[in-house]
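K.L.:
Spelled out from the first residue to the last, the chains are:
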Amino acid sequence: MATVELKNIRKTYTSEEIIKGVDLSIESKEFVVFVGPSGCGKSTLLRMIAGLEDISSGDLLIDGRRVNDLAPAERGLAMVFQSYALYPHMNVYQNMEFGLKLAKTPEAERREKILAVAQTLQLENYLKHKPGQLSGGQRQRVAIGRAIVRNPKVFLFDEPLSNLDASLRGQMRVELATLHRRLGATTIYVTHDQIEAMTMADKIVVLQKGIVEQVGSPLELYDHPRNLFVAKFIGSPPMNFLPGTVIAASEEQVRVRLASGQEIAVAAGSAQDLVGAGVTLGVRPEHIRLGDSVENRGSGQVELVEYLGSAAHLHVRMQDGALLVIQTEGGVGVHADDAVTFSFPAERCHLFNSEGVALHRRSSGRMAA
Amino acid sequence: MSAVTTASQHHRKAAIGAGASGALMLAPAVFVLLVWSVVPLVLTLWYSFQNYNLVDPTLHGFAGVNNYWYLLSDPDFLQSLLNTAILVIGVLVISVGGGTLLAVLYDQEFVGRGVARVLVISPFFVMPTVSALLWKNLMLHPIYGVYSWMMRAVGLTPIDWLQRFPMLTVMMIVAWEWLPFAVLILLTAVQSLDAEQKEAALLDGAGPVARFFHIVLPHLSRAIAVVVMIETIYLLTIFAEIMVTTAGGPGVASTNLAYLIYSRALLQFDVGGASAGGVIAIVIANIAAAFLVRAVARHLEV
Ligand SMILES: Nc1ncnc2c1ncn2[C@@H]1O[C@H](COP(=O)(O)OP(=O)(O)OP(=O)(O)O)[C@@H](O)[C@H]1O
Ligand SMILES: [Mg+2]
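Line by line, the protein sequences are chains A and B. If you're matching positions, the first sequence starts at 1 in full-length UniProt numbering and goes up one per residue. If you're matching positions, the second sequence starts at 1 in full-length UniProt numbering and goes up one per residue.
Note that these hints are calculated values from the structure, not bench results. A hint or two may mislead.
[To be verified] Which bits of chain B does chain A cover? Going by a derived footprint, with three or more residues having C-beta under 8 Å, they are:
hint : segment
1    : 32-40
2    : 204-211
3    : 214-227
All residues carry an ideal CB built from backbone N, CA and C; glycine is no exception.
Please put together the full structure from these sequences, using the hints given.
P.N.:
Structure representation (structure tokens):
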């Protein structure tokens, strides 16, 4: 359908640079998700692509054509807003019809398109309703319908599900993913919900303070976060971080002594000169194994157990005072105040140097699993 | 002390049974209100059926519908009704039309917007008599007025607006006073329009004109209805501006109903005739109000 390319895109608001040179290329039919903390510039970047904000410098190409100076409507894209932004005085049919009418689509064709879209989105029975008479989920569908009828080359979504309750959000997530597969339109989706990012994206773009921290598939980001920021941001509950010092390093393995005195072997390659350097050990809660072991052993006292049904989160205080979250399957019979021992699987651990950059990991966790 | 006990007893009784004690408590306020509104109304009605002229005390007694008949068959009365309608509708068109455009304009970002907003609102705070005087003497005076001076400066003969087009001029003055009100209300309404809605329209391919008619205007419809209703109530009774500028003249060219009643009562001392005019004014105002309230209520429903 359409490719989108960002070349060194920048945005400056009165002397403050908000977007600091973003390079990104989005393939046709790709579902790209922008994630990042609040205020990192996700919406700004999306609005620049939409044409609602000027691009201070850099090039925006859609299908290889530079569109920096084109009006929003001429860029061939459609956007779904967080607040839905439906026209309140028009009914559902008229809301979807508005853009087509302005594009001078003949009446019969408009009708046909709208009815088809309404059917897809299960809105047939609500065509005569005003937005005020619809539920949040229905309004969201109308907003999506309004975007679809115009048959855009690119879909833009700015946190479209954040106003919905959890169960509806889950349902709409599935609907959106299904819709994307059916329509095959290039989609850019902004969210700060990392579940949405992980489940829907072909490609996740992690932004921080106007800079792209990492681009990759959900699993790439999960298995090989490039730095501390991405490691913290992707995954739920977030990765545990423990400070330590490198005591031996080889091509195969790095040995780290934690603040608590425990020694951990990590399957990461490193140059010799790292010995003695301070590093951060990162390990995901779901990768820590309960039970005694010889290698990479740790111990501590359980402070809190959160039961989620299928899993439980143990909040464990280690001897040196560091707090660790361990995810276990089901209720494992561990209670608050119990002493536990656990181990960090060498091939599942991440190491970050003092700048927060990840050391190359030898084997992917996925292959070992 | 006893008052306190009775009050608390009343309170207890009200909790058990009917709202009789509540009505009793309300009674003083209701009484004052009734006296306030009903007595003048009844008196006006009463006088409108009486022969009552301050300069001719010999003529008195029940007049039947003579006062009404006399008024309704008077061409001045019809002229004043027409003038009232022209004034109300003319000012509404100018202030709502201009107010909408200005509101949209003042919603845009431009340098000095804050100052400009204050300036555009300020005429509303000038007393009607004062603003009428300003226009009559400062602006439109055939010799000293700013307008006349400007016309002469470019070699044209100034028109004596108040003589040549009295109704139009009064209308302009009143519109000048009421435009700020419309701008004020409509500007707040424009500003409450969701920015994302405008952007959605932009993405839908709507240009400025389409956005104005399809997004902004429907959004403003409620506020416009409110402005129309409030202005109509005040515009039906415009008096000071006419009094100060044209005194209803020349002839009755700029006499509206309010001014006619005044001239009947206090220039011709015909209290009976003036009262009949007052009753008719009440009837007209109520008819207008009934229509307006309905129209507005329909808007407020959505
Ligand atoms: N019109 C503006 N003028 C000045 N600064 C702005 C403007 N709009 C946004 N910003 C700044 O740009 C930064 C990025 O804003 P943006 O809305 O893109 O964040 P976001 O990543 O979408 O955050 P959120 O997740 O909260 O929606 C913020 O720091 C904000 O203060
Ligand atoms: Mg945002």
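K.L.:
Hints first: check each against the structure and report whether it holds.
P.N.:
Verification of the hints:
1. 32-40: violated (count 0)
2. 204-211: holds (count 4)
3. 214-227: It holds: at least three residues are needed, and the segment 214-227 of chain B offers 5 whose Cβ sits within less than 8 Å of chain A.
Checked against the numbered hints listed earlier, the structure breaks hint 1 alone; every other hint is satisfied.
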